[in-house]
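One line per chain: the protein sequences are A and B, in this order. Counted the way my numbering counts, the first sequence spans residues 1 to 113. Counted the way my numbering counts, the second sequence spans residues 1 to 112.
These aren't lab readings, by the way, just hints derived from the structure by calculation. Some hints could be false.
[As the list claims (entries may be wrong)] Derived DSS-like pairs (lysine-lysine); straight-line CA-CA distance at most 25 Å:
id, chain 1, residue 1, chain 2, residue 2
1, A, Lys-38, B, Lys-107
2, A, Lys-53, B, Lys-99
3, A, Lys-22, A, Lys-38
[As the list claims (entries may be wrong)] Covered by chain B, according to a simulated footprint, are these stretches of chain A (three or more residues, beta-carbon under 8 Å):
id, region
4, 43–57
5, 96–102
6, 105–113
The beta carbon of each residue, even a glycine, is placed where N, CA and C say it ideally should be.
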Amino acid sequence: DTEVTQTPKHLVMGMTNKKSLKCEQHMGHRAMYWYKQKAKKPPELMFVYSYEKLSINESVPSRFSPECPNSSLLNLHLHALQPEDSALYLCASGRVGGQETQYFGPGTRLLVL
Amino acid sequence: AQSVTQLGSHVSVSEGALVLLRCNYSSSVPPYLFWYVQYPNQGLQLLLKYTTGATLVKGINGFEAEFKKSETSFHLTKPSAHMSDAAEYFCAVSENFNKFYFGSGTKLNVKP
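Just chain A, with the same shape it has in the complex:
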């Protein structure tokens, strides 16, 4: 299994809702990532987990809450989002180490109303 899966593919939520994005990989990767991508822009790193521990938080607002319950799963909990948070949210995984490839999932398209 050489893919990263993400659910849901699309999500529409109101500013008072609570929702979660899910990411799963079965490649044995111990580094997992969340990125945010706005239209016509490169991905922006949000969080990095190494060995299920949060290692990088790129000063992301607390309305985004990551969770890594085990080595295969990564969640992103969303609460009280703003319309400007609408974007494509990409999950990636890879081996730990700067030279290692990051494998991306197809993303979740989020619209905040």
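Go by the hints and put chain B onto chain A.
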């Protein structure tokens, strides 16, 4: 500090023509360099990467890139463009941590 510059936000070529997408980087240590492709409404797919060793790297779909340390460049080329190559291309640099720095991207248009 690391950074990546992709010259040309849009590149247009005719089908069968040479594709050249430019990437320059800055890094205080020997870098690891990557090219990714993104098709509309999809995630990023690795085309190729340079870590150590041979400076000419071959990737998928007929793409290749050459690491030139003296020019701090890692340009992506393909001898003959195909319509299916139309997509957004991102260059990325990494050092010793699990953190990529992406360029701003180049949208490739292929004309019939």
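Violated constraints from the hint list, given by number and in increasing order: none
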